[in-house]
Amino acid sequence: MTILLGFTTAGLLVLGFFVMRRLDTFIERGGILDSPRGRANQGILIYGAPEIEEKIHKIGMKYKIITDPIFPKDDLYSALFALSQDDRDNLALCHMAKQADPEITMIARCSAPKLQGVFKTMGVSRLLGAEESVDLLLAELGGISK
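Residue 531 is where the sequence shown starts when you use this note's numbering, and the numbers rise one by one after that.
Worth double-checking, as some hints may not be accurate.
With a cut-off of at most 20 Å between alpha-carbon atoms, the simulated EDC-like pairs for lysine to aspartate or glutamate come out as follows [as the list claims (entries may be wrong)]:
| no. | residue 1 | residue 2 |
| --- | --- | --- |
| 1 | Lys603 | Asp631 |
| 2 | Lys594 | Glu583 |
| 3 | Lys588 | Glu670 |
| 4 | Lys644 | Asp616 |
| 5 | Lys644 | Glu633 |
| 6 | Lys592 | Asp604 |
| 7 | Lys650 | Asp631 |
| 8 | Lys592 | Glu581 |
| 9 | Lys628 | Asp598 |
| 10 | Lys588 | Glu661 |
| 11 | Lys592 | Asp605 |
| 12 | Lys603 | Asp619 |
| 13 | Lys594 | Asp665 |
| 14 | Lys628 | Asp617 |
| 15 | Lys588 | Asp604 |
| 16 | Lys585 | Glu633 |
| 17 | Lys594 | Asp631 |
| 18 | Lys644 | Asp631 |
| 19 | Lys592 | Asp631 |
| 20 | Lys644 | Glu661 |
| 21 | Lys592 | Glu670 |
| 22 | Lys585 | Asp665 |
| 23 | Lys628 | Asp665 |
| 24 | Lys650 | Asp617 |
| 25 | Lys650 | Glu662 |
| 26 | Lys644 | Glu662 |
| 27 | Lys594 | Asp619 |
| 28 | Lys644 | Asp617 |
| 29 | Lys594 | Glu584 |
| 30 | Lys603 | Glu633 |
| 31 | Lys644 | Asp619 |
| 32 | Lys592 | Glu662 |
| 33 | Lys594 | Asp605 |
| 34 | Lys650 | Asp616 |
| 35 | Lys585 | Asp619 |
| 36 | Lys628 | Asp605 |
| 37 | Lys603 | Glu584 |
| 38 | Lys592 | Glu633 |
| 39 | Lys644 | Glu584 |
Think of the hints as simulated: they come from the structure by calculation, not from any bench.
Keep in mind the model is a prediction, meaning the values are calculated, not measured.
Let the hints inform the model, and build the full structure from the sequences given.
Next up, the structure:
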């Protein structure tokens, strides 16, 4: 049991490393800056988890919270957090985001294990389980922004 816990922890750390590496690369190439096409970067787009607003505000990152799973195409975002409990809404929003900006970093919640492959194929960087907290992700983001 201890070995399984060790492997699980190591796997999560490796996954976190790769997600943070991708975010670092994104930031280095100007992902937080405004687009050369004249669209202002709005920071992180959050759907389905309005309760994390205060935590992201404390980190000091720009963000916008949406209540409908419709990607605002006129704006530029460095990342999408599709965190609702509805996999179909999260998938639809990720699809719209990828069409609007192929380089967007996407983090999504997936409640149905059979849909994980669909999220990965769509280019989602990190999947959260149905009951998985976003606190670890926010702690990692807090480390990047400082």
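Hint check, failures only: Hints 5, 10, 15, 16, 18, 23, 32, 35, 37 and 39 not satisfied by this model.
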